[in-house]
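Given next are the chains, with one letter for each unit.
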Amino acid sequence: MIGFDLTKEQLECQKMAREFAEKEIKPYAAELDKRPETAFDWNIVRRFAKANLLGLNVPKEYGGLGVDMMTAVIVAEEIGAACLGIMSAAAGNWLATTCLKHVGTENQKRRYLTRCCGGNALLAALAVTEAEAGSDMAGIKTLAVRNGDHYILNGTKIFITNAGLANFYIVFVTSDPKKRHSGLNAFIVDGDSPGLTLGAVEDKIGLRASQVGTLIFKDVKVPVENLLGAENTGFLIAMQTLDMSRPCLGGAGVGVSRAAYEIALSYARERKQYGRPIIENQAISFMLADMAIEIEAARLLTWKAAWLIDQGMDSTKASSMCKVFSTEMAERVCSRAIQILGAHGYTRDWPVEKYYRDAKAMAIYEGTNQIQRMIIASML
Amino acid sequence: MIYKNIGKMIQKAREEAGLSQEELSSRLGYTQAALSNYELGKRRLYLANIEQIANELNKPLNYFLEDTAETAKAGQEKTQDEITSEIDKLLLELPPEERKNILEYIQWRKERLR
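In the order they appear, the protein sequences are chains X and F.
In this text, residue positions in the first sequence follow the numbering used here: the first is 1, and each later residue adds one.
In this text, residue positions in the second sequence follow the numbering used here: the first is 1, and each later residue adds one.
If you're looking for bench data, these hints aren't it; they were derived computationally from the structure.
Among these hints, one or two may not hold up.
Derived contacts from chain F toward chain X, CB cut-off under 10 Å, selection only [as the list claims (entries may be wrong)]:
no.: 1; residue: I6
no.: 2; residue: K8
no.: 3; residue: R44
no.: 4; residue: L92
Here are the simulated BS3-like pairs of lysine-lysine, each with C-alpha atoms no more than 30 Å apart in a straight line [claimed, not checked]:
no.: 5; chain 1: X; residue 1: K109; chain 2: F; residue 2: K59
no.: 6; chain 1: F; residue 1: K42; chain 2: X; residue 2: K304
no.: 7; chain 1: X; residue 1: K304; chain 2: F; residue 2: K59
no.: 8; chain 1: X; residue 1: K141; chain 2: F; residue 2: K12
no.: 9; chain 1: X; residue 1: K101; chain 2: F; residue 2: K59
no.: 10; chain 1: X; residue 1: K109; chain 2: F; residue 2: K12
no.: 11; chain 1: X; residue 1: K178; chain 2: F; residue 2: K8
no.: 12; chain 1: F; residue 1: K89; chain 2: X; residue 2: K101
no.: 13; chain 1: F; residue 1: K8; chain 2: X; residue 2: K179
no.: 14; chain 1: F; residue 1: K100; chain 2: X; residue 2: K141
no.: 15; chain 1: F; residue 1: K8; chain 2: X; residue 2: K101
no.: 16; chain 1: X; residue 1: K101; chain 2: F; residue 2: K110
no.: 17; chain 1: F; residue 1: K110; chain 2: X; residue 2: K317
no.: 18; chain 1: X; residue 1: K60; chain 2: X; residue 2: K304
no.: 19; chain 1: X; residue 1: K317; chain 2: F; residue 2: K8
no.: 20; chain 1: F; residue 1: K59; chain 2: X; residue 2: K317
no.: 21; chain 1: F; residue 1: K59; chain 2: X; residue 2: K179
no.: 22; chain 1: F; residue 1: K4; chain 2: X; residue 2: K178
no.: 23; chain 1: F; residue 1: K110; chain 2: X; residue 2: K178
no.: 24; chain 1: X; residue 1: K109; chain 2: X; residue 2: K34
no.: 25; chain 1: F; residue 1: K42; chain 2: X; residue 2: K317
None of the values given here were measured: they were computed from a predicted structure.
Note that the Cβ used here is the ideal one computed from N, Cα and C, for glycine as well.
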């Protein structure tokens with residue numbers, strides 16, 4: 001049976017997330033976006049922690065909210081509608097905790113998942129990308145060499161969300177670059193490990209409130225018990241984590257689009273030219289109709305992927321489809337919103353240009369949309 | 001795609017062990033439908049599931065993963081390999097005279113592409 005009614009718990013979570021986003025995020029979005037240099041703000045982390053949203057998908061037994069995927073995408077839509085940049089800090093946690101909760105041992109989960117929960121929750125991050133290993137994950141060069149009861153990590157990770165801020169990182173490394181995919185391993189690395197330093201912090205066109213930077217590992221000692229899963233299973237762990245996190249990106253894309261659409265709609269109803277609101281011109285109303293159609297379609301595709309995950313089914317294709325459609329839709333919708341607002345839309349007095357800059361990132365991170373198409377094509 | 005490939009390897013290992021889906025699923029404590037869905041790649045397989053299956057079938061964990069990673073990476077190259085091996089297989093089934101005709105055809109095609 002197909003039904004689109006949300007459960008009572010999902011509706012409550014949606015309401016909580018909407019109120020949180022309106023009160024705790026939206027009022028700070030423009031200010032953080034306009035700050036020069038890095039605009040990351042620890043106060044935002046505290047607000048997320050107070051609502052336990054950093055532990056959104058962490059099971060309740062470890063102190064998290066323990067929501068299912070369907071609820072997670074609904075929450076992502078609400079927060080995405082307020083600010084994608086601020087959301088990135090929390091999304092870094094969601095990625096790391098998704099990974100940890102599925103492959104971590106009981107001991108690892110007790111030690112690390114609990115750190116992402118409750119009022120004093122800390123940040124976490126996933127570190128995959130390197131200078132020569134972006135889309136091609138098998139090109140990872142950061143090396144882990146076993147030395148008795150620990151591993152020694154050496155290498156550099158780039159474009160890492162929450163770099164320099166996270167309490168712990170889930171780092172993908174190789175035990176032997178020649179083995180490519182079959183040599184990949186995932187480790188939990190404490191943020192304060194000796195030898196782990198923050199390199200350059202990126203200056204980005206959007207997601208200004210999110211800190212993205214380089215992590216340098218120089219002889220970083222990691223205990224053997226911090227290896228995730230079995231040896232050389234890092235590729236499966238990464239793919240599985242990303243499959244299960246992509247619907248949240250789909251939800252965030254719907255959220256930012258919804259925000260842009262709502263502004264464009266109310267502007268078009270109020271702005272008068274030739275003595276009548278511009279929405280009475282078919283050229284404008286059809287643009288708004290197209291925006292509404294695409295937002296709804298992306299939401300349904302996102303919900304389908306989330307539903308598959310909650311059913312324990314393979315969601316790979318649906319996750320990639322919702323990621324591609326929702327993020328490209330977000331770019332189109334935000335661009336149309338700017339068009340409807342005309343010159344106003346192009347200024348920084350209105351938030352739509354920020355939405356547009358933020359939305360662009362989504363087609364690039366967590367697997368570029370070209371990689372998503374490769375995944376989808378391989379499953380046709 | 002990953003799950004489909006792992007599923008194929010599970011089916012292969014199960015058949016090599018001479019077990020039916022029913023037998024293996026009862027040993028693992030799964031329903032037969034669940035195992036069938038794993039083999040078809042319809043259900044998400046966690047590392048813990050794969051480890052359990054690998055133990056039951058006496059295979060190393062990487063038996064199920066290595067091929068998967070290669071296939072995920074190769075994509076189009078794999079398709080080319082499959083075409084070549086399909087041609088090889090069909091050629092061997094043809095009488096020698098026919099094979100000679102095909103060789104001439106390939107040479108003709110190659111000439112035309114120059």
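**Report entry** Hint consistency between K109/X and K34/X [alpha-carbon to alpha-carbon, up to 30 Å]
**Finding:** violated, 38 Å
Query - Restraint status (C-alpha distance of K109/X to K59/F at most 30 Å) - result: Distance ~28 Å between K109/X and K59/F Cα, so the pair holds.
Report task. Measure nothing beyond the straight line between the CA atoms of K89/F and K101/X; if it is 30 Å or shorter, mark the hint as holding. Result -> Cα-Cα ~46 Å, so violated.
Query raised in the report: Hey, does the K8/F contact hint survive, CB to chain X under 10 Å?
Result: violated, 13 Å
Report task. Take a quick look at whether K101/X and K110/F sit within 30 Å of each other, Cα to Cα. Result -> Violated, at about 55 Å.
Query raised in the report: K101/X and K59/F: Cα distance at most 30 Å?
Result: holds, 26 Å
Query - Proposed proximity, K59/F with K304/X (alpha carbon, max 30 Å) - result: violated, 35 Å
Query raised in the report: Holds or violated: K59/F with K179/X, Cα cutoff 30 Å?
Result: holds, 20 Å
Query raised in the report: Do the numbers back the hint for R44/F, that is, is its least Cβ distance to chain X under 10 Å?
Result: holds, 5 Å
Requested in this report: With a cut-off of 30 Å on the C-alpha distance, tell me whether K42/F and K317/X pass.
Outcome: holds, 11 Å
Query - Closest C-beta approach of I6/F to chain X relative to 10 Å, hint status - result: holds, 8 Å
Query - Hint consistency between K110/F and K178/X [alpha-carbon to alpha-carbon, up to 30 Å] - result: Cα-Cα ~35 Å, so violated.
Checked against the numbered hints given earlier, the structure breaks hints 2, 4, 7, 8, 10, 12, 14, 16, 17, 23 and 24 and satisfies all the rest.
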